Amino acid sequence: MRRPSAQYVFFAIWVLILCTSPFTGSNYMVRVATNIALFTVLAQSWNFIGGFTGYPSFSTAAFFGLGAYAGAITQNMGLPLVLAWLFATVFVTVFAAILGGVILRLRGHYFAIASFALLEVARLVIASATEFTGGGNGMNVRLFPGGPDVVAQVFLYSMVTIMLATVGLTIWVDKSRLGFGLRCIKQNEDAADMVGINTTLYKIIAYALSATFCGTVGAIYASWVGYIDPLDSFEILLTLKVPVMAMLGGAGTVLGPVLGAASFSLLEEVFWANFLEYNFAILGFVIVVLIFYLPGGLLKVDYRPLWRRLTGHTSSREPAE
Amino acid sequence: MEFQILINGLVLGALYACIAVGFSLVWGVLNVINMLHGSFIILGGYITFFAWSLLGINPILMIPIAGAILYGLGYFVQLGVINKVVSKPVLVTLTLTFGLDMILYNFMNVAFTATPRRVTLDLGSLEFFDIFLPLDRLLAMVLALALTGLLYWVMQKSRVGRAIVAVRMDRDAAALMGIRVEHIYAITFGIGALMAGATGAVFAFIFPVTTNLAGLYIGKAFVVCIIGGLGSVPGALVGGLMLGVIESFAGHWLGPQHAITIGFVLMLVLLVVRPTGLLGKKGYE
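If you read the sequences in order, they're chains G and U.
Numbering of the first sequence is given in the numbering used here, commencing with residue -3 and proceeding in unit increments.
Numbering of the second sequence is given in the numbering used here, commencing with residue 4 and proceeding in unit increments.
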């Protein structure tokens, strides 16, 4: 798992598995695949601010929920599906850039609290703007025409497309000056500022990027399920789950969030099927295991000793790379 | 009418201060945002409720008992789990306490279900100059203020309190002076949990006891800490009273559904304008 090229091969296979799920599995599998793509987008987006920049952002659910409502409202006003999704994307990005300019002046604990507060305020505002959003009763979104199989495939491929876009963006950021600057900020913000990185601008870009595709998948989600309400769209659990997924795979790596979102979602499916009552506790246990046993995430684990044991290779340790 | 709203706000504010004071202590000394705090309050409430309904123990008597049980829980959670990552970045500590909160929340939900329960004291109410004040609320307010005052006294006068303040001011210097920092961390977290448990016991006879309220309580703790400033008892008291009064008036003028929003918006503004809070200081005094 050390060479990136091998990772990309695994990633390509994984995308292929997700894309072929309508032909190989039941509608349930398609649903799982769509959900995995959705969470991959969220985790990958969080990675920009939380992974690369090291800012503990807990506002993912705010972006997701605002995207869902922006998409749903414009779609109900008569905007075509894709344009509504596009509008949600732009809206959430601008929203994040403006608010980022305000709350990114804070650091550490204060930033974390502010990002939580953003989520609460967004939810409360949406819940009280009854004439646009239906308030606590939620709102219906026009259903996508066509049979269940067609609908399932349309939304699966939409989610996977956004997922590929997010990964592509991550690859670009990782290699670009921006990514370098963000890593510098993570290491030492004051020093980064000193050597001439425009830290304010870079942080705002990272925060906006962490929102962009959350807005898109929020809007897609709204069209997909056809009904949204404030508690569901601005779920506090989501805002915790997404950073956990990213960290589980490996925060700040390119494909870590993909691995994290996939493994966490599959784990959750297994547990939901068997221990429905304990779905909160499972997230808690995953967090405890993650923090004490996998501090760098699954991608950072050295699998070679395990591999050698499995293949029966008993030669002495290879020299370190 | 305005006077009634003010009284309501002050009663609510004293309770908010009581929620926040333990949370603020842990945040200030350990630099850990304790997401468990809301669930600790609920757990204290359940202990009180079941002691009252099953064993017939007076809820006021349960305040120290619930506090002591929660102290033990908090002490060992800190010693066994959180101490190992206490100096890690906020993302790690916050995620960990959030995760622990999920576990506690889930087990409470399964064990007790989310059905709201309540201890009823039936004390009647007080009426003077058009002011209406239920006596159980007044009692809760007095107890909340007493608890907050007690913590202040412990911090100021006791040996442990001074050790906690010393660790907050300078961890390394405190260690050199012979203070066992890890032990003090565990005690501090224990005291935070104790305050939560005692708060839960007080709340049990004025608010319903249900896991659904854990999120609301932790939200209040955030806001009060930001308004009043971190890690000081007077700060939490001022922040709590201010939030109570503001919410009370905002609820009256703008409608109750906006009262919570106002609190959070105020917090966001204060965070940006004055992140140390209104009474923010460096040391824990």
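What the hints contain is simulated information worked out from the structure, not anything from laboratory work.
The structure presented is a predicted model; accordingly, all values stated were derived computationally and were not measured.
Fair warning: there could be bad hints in the mix.
[Stated by the list, open to error] Stretch-level coverage of chain G by chain U, calculated; a stretch enters the list once three of its residues show a Cβ under 8 Å from a Cβ in chain U: (1) 108 to 115; (2) 147 to 160; (3) 239 to 247.
For each residue, glycine too, the CB sits at the ideal point set by N, CA and C.
For a quick check of understanding: which of the numbered hints are violated here, in increasing order? 2
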